[in-house]
Amino acid sequence: MKPVIRLALGLLVALGLAGCSVRSVVVPPEQLPALNDSKWTVESEPR
Amino acid sequence: MDRPWLPCVLLALMLSGCATTDVRLKLPSTGLPTPIPGGNQRQIVLTKPFADGRQVPTLCGVQKSGYGVETATVYCKDDPARWITDALAAELMASGFTVLSAQESARDTAVTIEGALLKLFAEPVLGPWLTTIETDLSVRLVATSRSGLRTERTFFVKGGRESIVWTDKCFNESLARGTQDLLAKMVEAVLQLMKQYPELG
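Chains A and B supply the protein sequences, listed in that same order. Numbers given in my numbering equal positions in the first sequence, counted from 1, plus 9. Numbers given in my numbering equal positions in the second sequence, counted from 1, plus 4.
Hints listed in this document are in silico derivations from the structure and should not be mistaken for laboratory results. Errors might be hidden in some of the hints.
[To be verified] Okay, derived cross-link-like pairs now, DMTMM-like style, lysine to aspartate or glutamate, Cα gap no bigger than 25 Å in a straight line:
1) B:Lys189 with A:Asp46
2) B:Lys123 with A:Glu54
3) B:Lys199 with B:Asp56
[To be verified] Below, a sample of chain B positions facing chain A; criterion: calculated Cβ distance under 7 Å:
4) Thr24
5) Asp26
6) Leu31
7) Thr34
8) Gly35
9) Trp87
10) Asp140
11) Leu153
12) Arg154
13) Phe160
All residues carry an ideal CB built from backbone N, CA and C; glycine is no exception.
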């Protein structure tokens, strides 16, 4: 195998591995209902 | 070949999707296309600006390569906490509420709303064919009144924009969609609260 192709393959593998280990900060859409209050939480009522 | 490394560099640049430059998010200045009616001139005192409760206040997201590697930073052009406060104030006024600042005199029955921006974060989420620029937005509102009401509610929405390439425009559109959803949810919640307590406002 030519050195250039070997280098390119190595680069691809390195980028792929790095990509697999990257975390996401945004939450998965299925978690939205749990993070969204469906109603007001009343701590004290008006007198 | 004189420069055997050149194809590798070009390949790496192609794979990175040219995503190596920082993104500057433009915080949308427009509200809902159709305001939600029902404010009926009832008074709301909005404490400006909301607190910035984000984990990293200087960051509004990350840019990624086609392999999901973080390659650049997403910054907000303006102060996001001040922006979301102003956007909510404008939307409440469009709904018919009388929105006052803390310095203005209000009726005893007026509801005071304070808030905190908990999250504003945009990033590409890679799929098999398309990438979605997802923007998470979260705000907590606390409503009080002189007559003793104290209630709070947290809102969390997600804006999304699918694309093959992810440019600044995609990020801005994703944020704009999330903003519309967030504003609609907050205004509907305030309307619901005022309906629950007709003596207030």
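Hint check:
For the proposed pair Lys189 (chain B) and Asp46 (chain A), the alpha carbon gap of about 10 Å is at most 25 Å, so the pair holds. For the proposed pair Lys123 (chain B) and Glu54 (chain A), the alpha carbon gap of about 29 Å is over 25 Å, so the pair is violated. Straight-line distance between C-alpha atoms of Lys199 (chain B) and Asp56 (chain B) comes to about 29 Å, which puts the hinted pair past the 25 Å bound. With a least beta-carbon distance of about 13 Å to chain A, the hint placing Thr24 (chain B) at the interface is violated under the 7 Å criterion.
With 7 Å as the threshold, the beta carbon of Asp26 (chain B) stays out of range of chain A, its nearest partner Cβ sitting at about 16 Å, so the hint is violated. Interface restraint check: Leu31 (chain B) against chain A, minimum CB-CB distance 18 Å, threshold 7 Å, status violated. Nearest Cβ of chain A to the Cβ of Thr34 (chain B): about 23 Å, over the 7 Å cut. The hint is violated. Hint status for Gly35 (chain B): violated, given a least beta-carbon distance of 20 Å to chain A, over 7 Å.
Below 7 Å, beta-carbon pairs count as interface contacts, and Trp87 (chain B) has none with chain A, the closest being about 19 Å; its hint is therefore violated. With its C-beta approaching chain A no nearer than about 5 Å, Asp140 (chain B) sits inside the 7 Å limit, and its interface hint holds. Interface hint status for Leu153 (chain B): upheld, as the beta-carbon distance to the closest one in chain A is roughly 4 Å, under 7 Å. A cut of 7 Å between beta carbons decides the hint on Arg154 (chain B): the least distance to chain A is about 4 Å, and the hint holds.
Given the 7 Å rule on beta carbons, the hint for Phe160 (chain B) holds: about 4 Å separates it from the nearest Cβ of chain A.
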